[in-house]
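S.K.: Start from the sequences, fold in the hints, and give me the full structure.
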Amino acid sequence: MKILVAVKRVIDYNVKIRVKPDHSDVDLTNVKMAMNPFCEIAVEEAVRLKEKGVATEVVAVTVGPKAAQEQLRTALALGADRAIHVETDERVESLGAAKALAKVVEAEQPGLVILGKQAIDTDNNQTGQMLAALTGLPQGTFASEVAVEGDKLQVTREIDGGLQTIELTLPAIVTTDLRLNEPRYAKLPDIMKAKKKPMDVKSPSDLGVEVASKVKLLKVEPPAERQGGIKVGSVDELVDKLKNEAKVL
Amino acid sequence: MSILVLAEHHDGALAGATAHVVAAAQAIGDDIDVLVAGENVAAVAEAAAKLDGVAKVRLADHAAYAHLLAEPTAALIAELAGDYSHVLAAASTTGKNVLPRVAALKDVSQISEIIAVESPDTFKRPIYAGNAIATVQSEDALKVITVRPTGFDACPDRGSEGGSASVEAVEFVADNAQSTFIKEELAQSDRPELGAAKVVISGGRGMGNGENFTLLEGIADKLGAAIGASRAAVDAGFVPNDMQVGQTGKIVAPELYIAVGISGAIQHLAGMKDSKVIVAINKDEEAPIFQVADYCLVADLFEALPELESKL
Chain C
1 MKILVAVKRV
11 IDYNVKIRVK
21 PDHSDVDLTN
31 VKMAMNPFCE
41 IAVEEAVRLK
51 EKGVATEVVA
61 VTVGPKAAQE
71 QLRTALALGA
81 DRAIHVETDE
91 RVESLGAAKA
101 LAKVVEAEQP
111 GLVILGKQAI
121 DTDNNQTGQM
131 LAALTGLPQG
141 TFASEVAVEG
151 DKLQVTREID
161 GGLQTIELTL
171 PAIVTTDLRL
181 NEPRYAKLPD
191 IMKAKKKPMD
201 VKSPSDLGVE
211 VASKVKLLKV
221 EPPAERQGGI
231 KVGSVDELVD
241 KLKNEAKVL
Chain Z
1 MSILVLAEHH
11 DGALAGATAH
21 VVAAAQAIGD
31 DIDVLVAGEN
41 VAAVAEAAAK
51 LDGVAKVRLA
61 DHAAYAHLLA
71 EPTAALIAEL
81 AGDYSHVLAA
91 ASTTGKNVLP
101 RVAALKDVSQ
111 ISEIIAVESP
121 DTFKRPIYAG
131 NAIATVQSED
141 ALKVITVRPT
151 GFDACPDRGS
161 EGGSASVEAV
171 EFVADNAQST
181 FIKEELAQSD
191 RPELGAAKVV
201 ISGGRGMGNG
211 ENFTLLEGIA
221 DKLGAAIGAS
231 RAAVDAGFVP
241 NDMQVGQTGK
251 IVAPELYIAV
261 GISGAIQHLA
271 GMKDSKVIVA
281 INKDEEAPIF
291 QVADYCLVAD
301 LFEALPELES
311 KL
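Order-wise, the sequence lines are chains C and Z. The numbering of the first sequence is the working numbering, which starts it at 1 and goes up by one. The numbering of the second sequence is the working numbering, which starts it at 1 and goes up by one.
Derived from the structure by calculation, the hints contain no laboratory data. There is no bait here: all hints are sound.
Derived BS3-like pairs: lysine-lysine, alpha-carbon spacing no greater than 30 Å straight-line:
| hint | chain 1 | residue 1 | chain 2 | residue 2 |
| --- | --- | --- | --- | --- |
| 1 | C | K219 | Z | K276 |
| 2 | C | K66 | C | K103 |
| 3 | C | K152 | C | K103 |
| 4 | C | K216 | Z | K106 |
| 5 | C | K152 | C | K50 |
| 6 | C | K247 | Z | K198 |
M.R.: What follows is the structure in C-alpha cells.
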C-alpha cells in the first residue's frame, strides 16, 4: 500500500509571534520556520506503517512556496521515500490546498492519506476533511490510533468527552491528533541521504487547479491584553477576594 | 440572510453549545433554522424548538445519522444547504469533523472558530493559538462557519409562555457504505463538562503525578467545577487528553478558572485566557501564568490545595 502524507511549512511552535505594525498580517520575516507539529505526527505514522510492512511506499507532499522544500526534505529524512512539491507563492488556505492534494491523490492512487488535524498558523482544521470530500473518500479525523485490517481501517478518534472508534473502507483520509505517536528526530546520515531522494515539482496550473484563497484577510490584530493581577498572601486572602471582590464564590 | 444551525447533542439531550451558536446566528440575521440530525433525537428537536429566535427545526431522525458520522451528515447538510446563505455549527469535535466536508462538497471555503460577527460576510477569528485575531471576509455565496461557543452568550429559551418553533421532518437519507461506528468510550463523570462549566480547576506538570489530581477533586466538588489539565500534564501521562485545556485541547471561558501548578505556556493560555476571573497557584514567582491571572498565590500547591478545600 502506498501512503501519501501531507506536510505544511509554518512558524516554529516555540516562536512568539508579532503582528505587523500595519495590521496586515503576522510578521514572518526572519522568523524560524518548521514542519507543522501535527504533520510531523502524520509523517511518523506513515513511516511506522512502512516499518511494520503495512505500507510499501511513503510519498510526502506539500503545497507552498519554494522554501517549503525544506520541510519536504525533513519528511524524507524521517523516512519518506520521495516527495512532491506543488509550488505556489499565493496565500493558500484549506480549500485550495485540498484541491491540489486531490489531484495528487488522483495521480498517485494511495491506499491511505495522512495529514495533520490542523496547522498551528491559521488553526483552520479543514484540509483533511475537505480532501476527503473532494476525493469522495471516508475520513477518520483527530486520530489517536490507526490499524489497517485487510481492506479496512480502524481509527480511534479523540472526541469531546472521550474516544470514538470507527471503521473505514480503504482508501481513506486520516488526520492526526497529538497522542497518535511521538515523532522521532531525523538522524544526520538520514538528513544527508534525504538530499538525494527524488522530489517532483509541479505548479497548481500543471494540476489544473486554482489555489489562491477566496477568503480576504482584512486585518490582523494582537489580542486584548489582560491586566496583570494582584498577589495574595494567603489562602484566606484568596478566598476573601474571590467572595467579596470578584464575587465568583 | 437565512441560516442553518447544526444542533449539538449528547445522550439524547440538546447540548448547551447549540444556544451559543444560535446566538452567533442571531448576530448574522434573523431567519434561523436548526437542523437536528441523529437517531432517536425527537427530544433534541423539541428542546431546540424552544430556543429564542429559531424559526423552524428540521429533524433528520434516522439510523443513517447515528453518531453523526462525517460522510452521511455532511451529505445531509450539503443537500439542505441550497436553502440557506449560512451554515453554522459549534467548533466541537462534531462540527470540526463535519463542516469542512460540507464546505468542500459545496466548493466554498470555511471560516473556522469565529468569535465575533462584524457583518453577514465578515468575522473575527483567532489564529496562531489566539496570539492574533484575524478579521476575514468571505466572498462565497454560501458561508460555512464553525463558532467558538465561548465567543457568544447563549441565546435564551422562550420560556413556558413562549411556545415552540415548528418541527419539520427531513426525508433525505444519505447512503453510506464507507464508514461504520464501532464504539465510544466516554469519560464517566458527575462533574460538568469542561466546555460548559462555570468554574474550572486545572492542574499542570506541577501536580507531579496523576494521583495528585485527587487534590483538585475535593475543591471541584465544593465549587461544582470541571477539572482540566495543561498539555504538559497530559504529555507526562498524568491524565487523559480529553481533560486538556489549550490550543490543542479545549477552549474554555468560565466565570472562574483556577490554574494549579501550571506555568502558563502560550498554548495553555490560548485555551483559558478569556475566563472572567483567573486564579493561579504556583510556587514559581516568575511563572508566566501570573501575568494573566487576576489573583496570584505564590505557594506550594500541596499545602495550598488542602487549605483551600477546607476553607470553601
